[in-house]
Every structure is written in C-alpha cells, then in structure tokens.
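Following the hints, position chain B against chain A.
Chains as they are written, first to last, in the numbering used here: chain A, 1 to 113; chain B, 1001 to 1111.
Please keep in mind that the hints were generated in silico from the structure rather than gathered at the bench.
Cβ atoms here follow ideal geometry from the backbone N, Cα and C, with glycine treated the same way.
25 Å max Cα-Cα, derived SDA-like pairs, lysine to any residue: (1) K42(A) / Q1044(B); (2) K5(A) / N1056(B); (3) K1057(B) / A24(A); (4) K42(A) / G1084(B); (5) K42(A) / G1058(B).
Residues of chain B clear of chain A, computed beta-carbon distances all greater than 12 Å: (6) L1011; (7) K1013; (8) N1077; (9) T1080; (10) S1086.
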Amino acid sequence: QQQVKQSPQSLIVQKGGISIINCAYENTAFDYFPWYQQFPGKGPALLIAIRPDVSEKKEGRFTISFNKSAKQFSLHIMDSQPGDSATYFCAALGGTGRRALTFGSGTRLQVQP
Amino acid sequence: KAGVTQTPRYLIKTRGQQVTLSCSPISGHRSVSWYQQTPGQGLQFLFEYFSETQRNKGNFPGRFSGRQFSNSRSEMNVSTLELGDSALYLCASSLEAVELFFGEGSRLTVL
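Isolated chain A, as found in the complex (with noise of 0.2 Å):
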C-alpha cells in the first residue's frame, strides 16, 4: 500500500513538444506529492509540489495536476528543452505515522533537439 506507480519508464519527446508523466498511489493518508528531476551524477532537486486539496499547480512550464479521486498525478512539461533532459520521480509523503517519501520508479526523459 506504500507503493508508487510511474510510467512510462522512459519518453522521447521533440523540443516544443509536451512531456507528460504519470504516477498512481494508493495509500489515501498520502498529503504531499513532490515532483524530483534528477541529472547524472547529481542528488535529485525538487521541482514541484501540490497536496491533494488542489487540483493543480503550476510553476512556469511544469504543471502537476492531481485527480484524488482516481488516485493519480501527473507532470506536465510544456515546450520541452533539450536541458530537461533528466530522470523525473515521483513522489508521495505521508501515511501512518511516517514521514518518509515513497518514490516512484523514475521516467527517464529525453529532448530531442
């Protein structure tokens, strides 16, 4: 129940293009969703987060929008540069009497030029 599930496992996508990931949760005492992007050699940087009472949040060309009901969030990368380049984790914080994050798998994503 502590599991996080992200896909796809990678994505290739032209720059301009829209990188989408998505990521499906199932513990309900989950209450913060972070977003991490990860270079090589690097530690993994927040990028974004949103609580599950919003719908949506946007920071410059990402967007997270969360559906509670279904239990999935997703990342919305708009007009996609090749500098974005990375591993994307997802992200889920919270359950009983834990504050650790459970992280998804990861998407390794690519911008083509």
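Structure of chain B alone, referenced to chain A:
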C-alpha cells in the same frame, strides 16, 4: 545559502568492512533523512533524524545505522558490507521532513 554537503563523494570498500558517511544539512534545517538509490530498487528510505532523535526508520537491516549531532550534522554507518550495499547514498535536509533538499550523494562501491 549553502546546500546539503555529503562526504565522501566516492568510496570503494571490500566486503565485510564498514563505512561511515557524513552529511551537513542546510543551515537552519533540523531534519535529516537518508535514502539509498540503486538501479534495481530505486530510491528507498533509510531513516530520518530530527533534533538528534531518530523519528522514522525504513526497512533495512540493523547493519544500517545513523545518528545526528547537536549541530544537525548527520552520519550513517553500514557495517559488515555486502556487495548489494553498493549504491548512491543520499542525504536530504528539511525544516520539518516535508520539502526535502538532497545532496549530491556518496557513491559506495563494495568489492
């Protein structure tokens, strides 16, 4: 503001040895969490410390331990190393274990 600093960045050990990794959190952050990242298992939670107390622990064997000092710096220790312990060990700091900021990690190779 300086970010999360982890040392050493790279290290090689042999089976049966032990290792200690260090983490200096962002100034003012009292929560420090540790995660293990491997290609097979992904990112997995090890433990979280707040004000020198371990508040949460993941599903790792007792060979994995940690501590936090009064200045919020943290160390994690892995004893009796196994080949499967080869991984990137990530430290993250936060004000209240919500918005986590990760360091660049310590890459451990066990031979």
